[in-house]
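Enquirer: Listed below are the residues making up each chain.
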Amino acid sequence: MSAPTTSTDPEVAAYARQVREALADVPAARLEELLEDLEEHLVEVASETPGPLHERLGSPADYAAELRRAAGLPEPAAVAGQGRRGVRERVQERWGDHAAVVAVRDFLPELRPAWWVIRGWAAVAAVEAVFLGQVGVPLPTLGLGPVGWVVTGAAIAWSVRTGLRARAAGAPLTHASGFLNVGLALCAVVAVIGVASQRTSTEYYPAEVSYDSGPTTLTHEDGTPITNIVPYGPDGTPLTGVLLYDQDGRPIDNLSDWTGDGTVVEPQVSVPAQPANAYPQAQVVTGYDEYGNEVDEVFPAPATAAPTP
Amino acid sequence: MDTTQLLKGVLDLAVLAVLDGEDGYGYDVVRRLRAAGLEDVGDASVYGTLRRLYAAGHLTSYVVPSVEGPHRKYYGLNASGRAELTTSTKTWTGFADTMAALLAGEQVAA
Chain R
5 MSAPTTSTDP
15 EVAAYARQVR
25 EALADVPAAR
35 LEELLEDLEE
45 HLVEVASETP
55 GPLHERLGSP
65 ADYAAELRRA
75 AGLPEPAAVA
85 GQGRRGVRER
95 VQERWGDHAA
105 VVAVRDFLPE
115 LRPAWWVIRG
125 WAAVAAVEAV
135 FLGQVGVPLP
145 TLGLGPVGWV
155 VTGAAIAWSV
165 RTGLRARAAG
175 APLTHASGFL
185 NVGLALCAVV
195 AVIGVASQRT
205 STEYYPAEVS
215 YDSGPTTLTH
225 EDGTPITNIV
235 PYGPDGTPLT
245 GVLLYDQDGR
255 PIDNLSDWTG
265 DGTVVEPQVS
275 VPAQPANAYP
285 QAQVVTGYDE
295 YGNEVDEVFP
305 APATAAPTP
Chain Y
2 MDTTQLLKGV
12 LDLAVLAVLD
22 GEDGYGYDVV
32 RRLRAAGLED
42 VGDASVYGTL
52 RRLYAAGHLT
62 SYVVPSVEGP
72 HRKYYGLNAS
82 GRAELTTSTK
92 TWTGFADTMA
102 ALLAGEQVAA
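Protein chains in written order, with this note's numbering: chain R, 5 to 313; chain Y, 2 to 111.
Don't take every hint at face value.
To be verified - Sample of chain R residues facing chain Y (criterion: CB under 10 Å; computed from the structure):
(1) E40
(2) E44
(3) V47
(4) R60
(5) L71
(6) L77
(7) G245
(8) L247
(9) L248
To be verified - Have a look at the derived ranges for each label pair, beta carbon to beta carbon:
(10) Y:S81 to R:A189: 19 to 29 Å
(11) R:P31 to Y:G95: 34 to 44 Å
(12) R:E114 to Y:T94: 32 to 42 Å
(13) Y:T94 to R:E36: 30 to 40 Å
(14) R:R109 to Y:K9: 27 to 37 Å
(15) Y:A97 to R:E36: 53 to 63 Å
(16) R:V105 to Y:A37: 17 to 27 Å
(17) Y:K9 to R:P31: 16 to 26 Å
(18) R:R109 to Y:S81: 33 to 43 Å
Stated by the list, open to error - Listed below are several chain R residues computed to face chain Y (Cβ distance under 10 Å; list not exhaustive):
(19) R21
(20) L38
(21) A69
(22) R72
(23) H102
Source of the hints: derived by calculation from the structure; they are not laboratory data.
Remember, it's a predicted structure, so these values are computed and weren't measured experimentally.
C-beta atoms are modelled at their ideal positions from N, C-alpha and C, and glycine is treated no differently.
Between the sequences and the hints, there should be enough to build the whole structure, so can you do that?
Expert: Here it is as structure tokens:
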């Protein structure tokens, strides 16, 4: 039920915000009840009295203190050190009402549920990072498999439930819960470092990375493709129709179908058909002459073409 | 003697009394209290008292739109507020009488 005038007067908005900040320790529900129409009231004061608000009403901190007494609110548990407070107030005066700061401050509470999820995950992940040296992504397992997932899920559920209850109660942040949250934030840092170091180590050991470039063909150690095998007998006579197999009895038929200079080599469709692992393989080698025309060369020189004695 | 200390104890009663005559908005209540002689009354005290009495269920409130100025939130007494005013008035009157008698007695004794 805020009047439209409240948002148009930056002086009133700033004063009201500083009063709210001074009462930040008051439970949210109670504070809202108390300050519901503070802006409207300050607008009245501003409209009926000349001069700046803090001249008429004193500092926002004093105003808040008087309000606290009149409304019967508990006194603040501890007063911040005066020296530190001076710096803090100066920073707040300089930047506290900057549009960007206000926008971020209004937006941050929306992220609280995300933090509840993260802190639940981080608590388990940090335990895992410390004891196992690695973090399961996305769910830590604690080395227990699915049981670990259940533990992680339970931790997140408990964290969210606690967060929801605390928000519903509107209770101010106690020292204990503050320290607990800082501790869990540190856990998150530990867990994230654990995840990051896993990523890095993967990059350092490329042996784990495989490059799938299809079936490999025969090559020499220097990379020259092997396009054919020409067997000779112990007495130096060329052999034909030699069948080659590997140690497991699998036929060796993975010749390269490209020569080193890019010439296409294809098995010749011969009659009668030869097994794919019969060597030397009858082939058609497609090259190019000096005019760029395709020249097919048959290898080895066809036995049928040679005159049979 | 510091009147602001005394005021703390009777501000509820003072605000109820002011609103019993006529409904008023926050700053209007401040002004009427000051006009009645409670010049040291603080704006925040009155605002806080109004909100507390409202939260306690002693006041009704309604917004009156204004053409030139801001919208004003008026407060008025409801049945609970009037009952509270009656009770508090009795308490205060008894207390004030006691104090008056005490002070008169001291003056006689002196």
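Enquirer: If a hint holds in the structure, say so; if it doesn't, say that too.
Expert: Right, here's what the structure says about each hint:
1. E40: Nearest chain Y Cβ about 7 Å off; hint holds.
2. E44: Hint holds; E44 (chain R) Cβ to chain Y Cβ min 6 Å, cut 10 Å.
3. V47: 4 Å, holds
4. R60: Nearest chain Y Cβ about 8 Å off; hint holds.
5. L71: Nearest chain Y Cβ about 4 Å off; hint holds.
6. L77: 8 Å, holds
7. G245: 106 Å, violated
8. L247: With a minimum Cβ separation of about 100 Å from chain Y (threshold 10 Å), the hint on L247 (chain R) is violated.
9. L248: 97 Å, violated
10. Y:S81 to R:A189: 19 to 29 Å: 48 Å, violated
11. R:P31 to Y:G95: 34 to 44 Å: 36 Å, holds
12. R:E114 to Y:T94: 32 to 42 Å: Given range 32 to 42 Å: violated, Cβ gap about 54 Å.
13. Y:T94 to R:E36: 30 to 40 Å: 37 Å, holds
14. R:R109 to Y:K9: 27 to 37 Å: Given a distance of about 34 Å, which is inside 27 to 37 Å, the answer is holds.
15. Y:A97 to R:E36: 53 to 63 Å: 37 Å, violated
16. R:V105 to Y:A37: 17 to 27 Å: Check failed, 43 Å falls outside 17 to 27 Å.
17. Y:K9 to R:P31: 16 to 26 Å: Between K9 (chain Y) and P31 (chain R), where Cβ atoms are some 23 Å apart, the hint holds.
18. R:R109 to Y:S81: 33 to 43 Å: Holds: the Cβ-Cβ distance is about 38 Å, inside 33 to 43 Å.
19. R21: Interface hint status for R21 (chain R): violated (15 Å vs cutoff 10 Å).
20. L38: 5 Å, holds
21. A69: 8 Å, holds
22. R72: 7 Å, holds
23. H102: Violated, about 25 Å.
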